[in-house]
Each structure stands twice: as C-alpha cells, then as structure tokens.
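Enquirer: The residues making up each chain are set out below.
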Amino acid sequence: MLLEMKDVSVEFTGMRGSVQVLKNISLNISKGEILGIVGESGSGKSVTALSILRLLGNNAKTSNGEILFNGTDLLKIRTKEIQALRGKKIGMVFQEPMTALHPTMKIGRQLAEVIERHRAVSKKAAFRLAVQALKDVHIHDPELVAAKYPFELSGGMRQRIVIALAMAAPPDLLIADEPTTALDVTIQAEILNLIKELNNKNDTSVLIITHDMGVISQLCQRTLVMYGGEIVESGSTNGVLKNPKHPYTKALLNALPDLADPAQPLQAIPGEIMDLRHRPNGCSFAARCSIAGEYCRTHQPALVEILPQHYTACWKGEKEQND
Amino acid sequence: MIDIHQVRKTFKTGAMKIDAVKDTNLSIQQGETVGLVGESGSGKSTLGKMLSGLETPTDGMIAYKGIELWKKKKFKRLRPGEIQTVFQDPQSSLDPRMRVKDIILEPLLALNSKERKEKGKMERLIYLMKRVGLKEDHMNRYPHEFSGGQRQRIAIARALITDPQFMILDEPTSALDISVQAQVLNLLKELKREKNLTYIFISHNMSVIRYMCDRVAVMYKGKIVEIGPVQSIFQNPKHPYTKILLSSLPSLFEETKEKINFSHPPSLSSESACVFYQKCPLRQEICLKEPCYQPASENHTFSCHLQ
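Residue numbers (our numbering), protein chains in the order written: chain A, 4 to 326; chain B, 1490 to 1796.
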C-alpha cells in the first residue's frame, strides 16, 4: 500500500472555538491506482489532500490517526523530512493554474528549478530535462514555451505546466485538487487524458479531488464520497455510480441534469450544505435525507461493508442488507 | 421578442482590436429559453450585456419588441425593469452593506413613484421572497449571512421585483454546488412557466443547457457557429466545434466515447478564414474563406463548408 490514512481527524481553531472539519477519515491508495474523492464545498475533500502533505495552516490541528506513506507516518516526521517528500515523492496540482505558477519567472526556469532540487543534475541538464518535461505533457514547441512567462499562456497550457511541475521528480503519488474546474470542457477532456496517460506511463498513483461526477467516472478506479468532513460511501467507481448505497450519493446523482433524458425534472436535495460548526449528534446527512428516521438523527452510523469492497455509512443501508 | 441583427462588438487595447462578438444574428420568441454556450472568451456574456445595456454594440441592431434598443450608442429602454439580469457570482453581485430587503427593492428606484409604490408593497416583497425560497425573517439580514444558493435566490428575487418579461441568466448556477444547482434550476423553470418569462441562458455546462433550453446557440470566438433546437443540436451536431464540445463531456455511465480532439494551429492562415480554422481537425483549403450559414434541418443552421 502506497498511502494509508487511518482515522485522521482535523480541527480548525478560530476565535470562536474550534470546528471539526475532518472526522475519522481512513483511506488507502495502492501503487498505480487512481482514487477519486467527490463532494461539495465544505465536505473536507481539499483538507484531506492538504493534510497528507501537512500543508494546513497553523490553526489546524490533526488530532489523531496516522498517515502512512511507504510505511512512514507523515504526521510524526520532522518538518525537514516532509519538505523533502513534497514534490519529490508526492506531487500536487492545484485548481487555479495561474496562482500556482511564479508570475515573473520564465516557464523553463521554473521547471528547471524543481528538477535541480529533486535530481542531482547540472543547470544545463536540468533545463534540457525541463524541455523534455514540457514535451511529455504534450506541449507543442516546448522550447518556445519554456521561454515564456505564465501570463502569456492559456489556462489549459498553464495547467499542463503545473502538471509537468508536479510530475518533474517524478513522484510516487500525484494529488490533484480540482485540476480541471477552472477550465473549459474541451480542455478538461485533454487534461484528464494527460493525467491518465502519465499514470499509465510512470505507474504513478493519483488522488483526484473533484465535485464533478463526470470526472470521477472517466478517471478513477475507486471513489470516496464525502459529506460534512466524513466519508459516507466508498467503493469501486462503477459500484458507487451505478449502484449507490448512501442516500446522499443517490441524491447527488439525481440532482445532475441527465443528458439522455432532459425532460426528467431534477431531484433537488432540500436544504443547504451542513454547517460544520453545528455538527448534529446523529448522521450528518439526516437533516436533508428523505429516508432518515428518528434513530438516524440521534445515532451516528459507521462505515460498514455493505457489498464486497463497497462501504457506506447509513443506518438504512445496513437494514436493507439485513432484511 | 428580441431581434439581434448583424451585431458586432470590438474591444480595443492599444493597437490591438478584438472582435468579441462578430456579425451575430439571433431572434428570440416570446416564452422561449435560448441557450448560449461556448468556451470562455467566446463572447456569450458580451452578447448578454449588450441586451441589458451594459455594453455598447460597435455595429448592428438590437430590437426588443420591434423597438431598437441602441440608438447612436445610447441605450433606450422601453420601460425600466423590463429586461433583468441574474449574474454568475452572487457574492459580488449583491451589495455587502445593504440589507436583503433593500437589495430586492432597489431596482424599483428606476420606476415612477406610482409604480414603485404598487410594486414595492410589503405583501408583494414577502410573497416574492417566499416564492424564491427565502423566509420572511431573512428580510433584514445582510448578504454575508447567506449561503451561495440563498444569495442566488436573492438575486433572482431582485430581478423579479420589477415584473420583467425578459431575463438574461448569465451562468446563474456555475458558482453553486450540484445539490443547490438543481434547486435553482428548478426554481427558474417554475418561474418561467408561472410568469411566462423569456430567458437567455448563458452557460458553459452542456447538460444544464440541455435541461433548461428550447434552442441553443453555440458560440466560438464571437461567432454563432451553430444554432438550433437543443434536441437537434445534441443528437445531430453539424459543426466540428459542437462535435468536439459534445464529445468532451464526461459522461457518467457510458464507456469512453470516441473523442475528437482539437488540431494544432496550421502554418497557413488568413484574415477571412473560418473562426474555427486554427483548431479544426477537419480543415481544408476552402476553410480559408469564411463559410456561410446553411440549414441542417428545420430551424437548425450551422456555419461550415465541410458537410
């Protein structure tokens, strides 16, 4: 197992007390696997990604659990050691490609800098490798692009460069946080293909975070669904999308306009996304759930294996299985 | 209801001139929802802004119910509040220092005092707030106290207070989460039916367009490259750009469809080439001349040589 997160909880402390943003998250990624996390804003998907790299702010506290990467607990090692891992063993791609690049540094130099840092090569060789890295992410005229500044490039090109940066080492694990959200659909398709290709070629594991079910279905072998800082369902992508067990996953899929059947009215999920400051005692989705009963509101469900390798945290799901 | 004829909008920055919208023709019937779809920078929002008076067209004519909206670079509105807009980002389109009540009633300031009194009645305000899914006691709160979906509801209520007949919805759900997007889309659909509204729905999300619209216009680099009834466009796309757009939609259940990709820019180019020439996978020599519109089926036209 390349990465194993066990029972990780994260709290943010503010002036008005602390908020639990992640609650007992467990996940694992094996070598060469693409795992997807899907959820709405505030569900804790980005915090999960950042907690792996220990990039959370000072007000965040990872209170328990462990994150094993190749056997070492990332939560226990010193800052120096985690810094050595960032970029080298674990690459990260952020949502907004403009802010992830240095605005006044030429592309080639930015890439060469990363390569110099992670591999023992001369400056000249690093630049050559940088041009090669641009070629690997299918940039036409890599020499020309290497001599440009980020503002001279389109969003799709910039995201390719951010991916090239993340893959420069090359890492064992690539974390991509909404890598295509800021891009047009046509460009999104190209970037998704690129990620898939790099995963195939280098056997890099990928953790992809998105709110888009379509991205999940195209890319991921396994999927986790998050709501209110908890994992509510996990399983093979096929299983989760075709045979969802948690009412939240079902509702989310029903809320998407269906291209095949546009006349079908959308089934909106009533209410708003949960406010993490007021975490209920029972199931966090109970307030918006159409099948929740009294028991759901007072007792918290645990993630149980409802089908082989398919987990869900729902009292009703468990009952269905027992009946 | 709306007639757009040969409209062009040119932006100038220094020596550079960019046609954000070029030679666009579009007419919209009463009660219709017309979708505008295209990538960022394709001119879809600019076209919407020219309809609401926020951008001046460089050339061409826009008529609303037979009366020209733009005369000598001046916007002539029939009646204030007849055309209303809902913007993409409800965070920045609501004044953070105004209470919800004042935000919703503000458009009435453009009306004469008699109409203002009539439309600004407390019962009407409360009815409207309830209709869009807000509560009566939300009235005295500030925008920051609401979630994204609720803010968009406030923006919709503000647009409806003047009793518009025509609404420009500029990516109204792009900033919202999926579960909330469904609520807002359904609300917009219901309101349209109730009040017999006409919509222009601007979006880059094809499945939302499919759900909301009767007709759709696909824009690329400021030009409408294909227009027709949604069903016809989705089932039988003619223009290569529309085909690429539809093939790149990630679908939930289908196994990977055959994907069409953009082509790399050619060495040869010309000023009068087809707008899609630079990236078209099918381009030929003939495409260096701008194509005219040709019919594919009833009401469905596209602009491409190669069909």
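These are calculated hints, taken from the structure and not from any lab test. Note that this is a predicted model, so its numbers are computed, not measured. All C-beta atoms, glycine included, are put in the ideal place defined by N, C-alpha and C. Keep in mind that the hints are not guaranteed to be accurate.
[What the hints assert, rightly or not] Okay, the calculated bits of chain B under chain A, using three or more residues with CB under 8 Å as the criterion:
#1 1569-1579
#2 1724-1738
#3 1749-1756
[Said to hold, decoys possible] So the derived label-pair ranges between C-beta atoms look like this:
#4 B:Thr1545 - A:Ser44: 49 to 57 Å
#5 A:Lys109 - B:Lys1619: 41 to 49 Å
#6 B:Ser1752 - A:Glu200: 15 to 23 Å
#7 B:Ala1599 - A:Arg19: 49 to 57 Å
#8 A:Arg280 - B:Met1628: 18 to 26 Å
#9 B:Pro1770 - A:Ser33: 36 to 44 Å
#10 A:Arg112 - B:Gln1720: 18 to 26 Å
#11 A:Lys109 - B:His1633: 24 to 32 Å
#12 A:Asn27 - B:His1633: 25 to 33 Å
#13 A:Ser125 - B:Pro1770: 45 to 53 Å
#14 B:Glu1634 - A:Lys64: 38 to 46 Å
#15 B:Gly1542 - A:Glu200: 43 to 51 Å
#16 A:Glu200 - B:Tyr1631: 24 to 32 Å
Enquirer: Which hint numbers doesn't this structure obey?
Expert: Violated: hints 1, 4, 5, 7, 10, 11, 13, 14 and 16.
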